[in-house]
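Novice: Here is what each chain is made of, one letter per residue.
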Amino acid sequence: MENAAKPFIIDDEQAGLFRVNRRAFIDPDCLEQERRAIFDRCWIYVGHESEVPHPGDYRSRTVAGRPLMLVRGDDGTLRVLLNTCTHRGAMVCRQRSGNAKTFQCPYHAWTYNSRGQLIGVPGEDSYSDGFKREQMGLVAPSQVDNYRGFIFACFDPATRSLYDYLAGAREYLDMVADQSEVGMRIVAGQQSYSARANWKLLVENSYDGYHGLPTHQRYFTFLSDLGIDMRASSAATPNRQKAVDLGNGHAVVEYQSAWGRPIAHWVAPFGEHRKPHFEELRRKFDARFGPERAGRICETSRNLGIFPNLVINDIMAITIRTFFPVAPDYMEVNAWALAPMEESAQDSALRLDNFLTFLGPGGFATPDDVEMLESCQRGFANREVAWSDISRGMKRAQPAITDELQMRAFWRQWNRLMTQPKLRQARKAA
Amino acid sequence: MESLDDPTQAAAGEKSRVTPAQLPSRQEVEDLFFHEAALLDQWRLEEWLEMLSEDPVYEIPPTDVPEGDSRNTLFIIADDGVRIRSRVKQLLGKSAWAESPHSRTRRIISNVRVLGAEGDEILVTANFAVHRMRYESVDSYIGRYDYKLIRRGKDLLIKQRRVILDNEALRPHGKISFIL
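As given, the protein sequences belong to chains A and B, one line each in that order.
If you're matching positions, the first sequence starts at 1 in my numbering and goes up one per residue.
If you're matching positions, the second sequence starts at 431 in my numbering and goes up one per residue.
If you're looking for bench data, these hints aren't it; they were derived computationally from the structure.
It is possible that part of the hints are untrue.
Listing some non-contacts, in silico: residues in chain B with all C-beta distances to chain A over 12 Å [what the hints assert, rightly or not]: (1) PRO486; (2) ARG537; (3) ASN557.
Estimated spans, in silico, between C-beta atoms of each pair [unchecked claim]: (4) B:ASN557 - A:MET341: 34 to 40 Å; (5) B:GLU497 - A:ARG274: 24 to 30 Å; (6) A:LYS284 - B:VAL518: 36 to 42 Å.
Using N, Cα and C, we set each Cβ at its ideal position, and we do this for glycine too.
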C-alpha cells in the first residue's frame, strides 16, 4: 500500500506532465471520500423542469445515492424532496413517475401533500404536544436551484450559489437552452445503463476528442457510407475547434463536426426535401442571435462536462447524461434526449433517429466507449502501473479537442476537493 | 386472437389479406424463431439478414416506455434496413470493439404464439431469455419478441422485429452491442 501515501495527481506545469494515480479508480476508501467531499458538497443534476410540467407531476429517481422525488406542487412550485417518510423511513413515492395530490407512506399511512407537507397522521392524538406535524414534512436537500430549466440539488448549505458554481459552463448551457424560444423538453424514454468501470472514466471519455477516430472508427465509416462529407470535420478545420477550462472543474470541447445536427446543420442523409426547412431554421437563428452566435449554436458540436457528473453533449442530437458510482468499478448511467418544445413531430423523429446512430447503449458508438472504460478498469488491476498519463497538449498555447486539457480541468478540481478535508484536519491538529 | 382454431379470427381478419386459414402454424413460426436464434448465436449474421424483408425494422424500446413509438420516444435501438445492414457489417468487422472479440450468446425462446394478421403482416410473439457471456460475466436479457412477418412464397420473412425488454435497466449489462 505504498501507493496510498502518494498524491492523487502530479501536476507539473514546468515539465508539461500530468499524471493521475490509478488508486483514484480502484480504491474503496477513495470512493467513500468522494461521496463526502464531492457528491455531498457539489451541485448535482437532478432533472429538467419539463419532466414535471403540471401541478402534482412527479418523478422518483436516485441521485447521488439518494432516492429523491422531483415534484411540481399544487402551488406550481417545483421541489426536490428526499423520498423517505420522516416517521420511520419507508419511501413514500413508489412509482417511477405520475401525478398525485398526495403521497401516502404505505407503512403507517402518514400522508404528505404535493408540497411535501405532512397532512395526515393516523391516531395523531397519541402523540405528545412536543410532536409538531408542521415540522415533520418531507425533507428537501440543503439547496435546490434551477438554471434555465436544469434542476440541481446540493446537500451542503455552505456551497456557493448554483449560478456562481456553474461559472463558464453557463455560456454553454445557454447555447443549449437558446435552441428553443419556448423551452426545451426531455423526450420520453430514459436510457438506463451502466458500466463496469469507475465513474471518472466516463467523465474523461465524454469530452475526449483524442479517442474519436480509433474507438469510433466504425461510426465514421457508417457516416461516410451514408454519403456524408467527412472533410467537414474538425480534422480539416483546426481553427474551428477548441477545448476550454470553464472553471470549477467544468470544461468543454467545441468543434466543427461531419455529422448533421437537428439544430440546424443539414447533411445529405437527412434528405434533399428537408434542406429548405433547415435553411429556414437557420435564418431564424441568424435573426435571433446574429450570424456569429447562430453559426456557433447551429454548426458546432459541443461536449460539455459539468463537475462532477453531468454531461451535456450537443452533438448529432442533445444528450443529457448523468452517472453515479455504486462501487469503485461500477457506475449507473442515465441518459435522455433534449429537444425544443416547439419542434415538429417530423423534426423530432429525425432528431431521435440521429441520436441513435451514435448514442446510447445500442448506438454505433456508446457501446464501444463502455467497452473501453471497462477495459481500462480491468487494466488497473495491474497495480504495478500506478499512474495514468493525462499530459496531452499541456504545453500547447491553444489546446485542441484532441488534447487533454478538459480532463486536467476536472482532475484539478477533483483533487482540490478531495484534499481539502485533510488540509482542514491538518490545520485543526496544528 | 390466440390460435388457428379461434372462431373469432374470421371476424378480426376481415380486412386482412392474410386469412385465418393462411396464418402460419405455431410450428412454422417456432421454426423461424429457432432458426434465427441459431444463426444469431453462431454469429452467422449475413445469413440472418436473409431472413428479413426488404424494408425491415429492428427496434428496442427504452426500459421505462416498453410500448413506446420510436418517432416520439428515445429508444435503445430503432434501425431501418440501412442501419441493420450497417450494424451487421460493423459487427462482422474488426472495430466494433464492444463485440470484438465476439460475445458468446445463448438464446432460449419459448411461449411462441401466432396472434393474427394485419393486412399482409402476420403478428407473432415469443418470450426470450438471452444470455451474453463475455470476460467471464453472464448478463441476462429477458423479454418478449413481437414480430411482424410477411409471406414470400414458401418463406416467412421478418418485417418488424421489436424486442421488448423486461429488464428495468441495462444493469449490469451496460450495452446491447450484439443483435438481441
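Novice: Does each hint fit the structure? Answer for all of them.
Specialist: How the hints compare with the structure:
1. PRO486: Non-interface label stands for B:PRO486: nearest chain A Cβ at 15 Å, farther than 12 Å.
2. ARG537: holds (17 Å)
3. ASN557: holds (20 Å)
4. B:ASN557 - A:MET341: 34 to 40 Å: holds (38 Å)
5. B:GLU497 - A:ARG274: 24 to 30 Å: Since B:GLU497 and A:ARG274 have Cβ atoms about 29 Å apart, the given range 24 to 30 Å holds.
6. A:LYS284 - B:VAL518: 36 to 42 Å: holds (40 Å)
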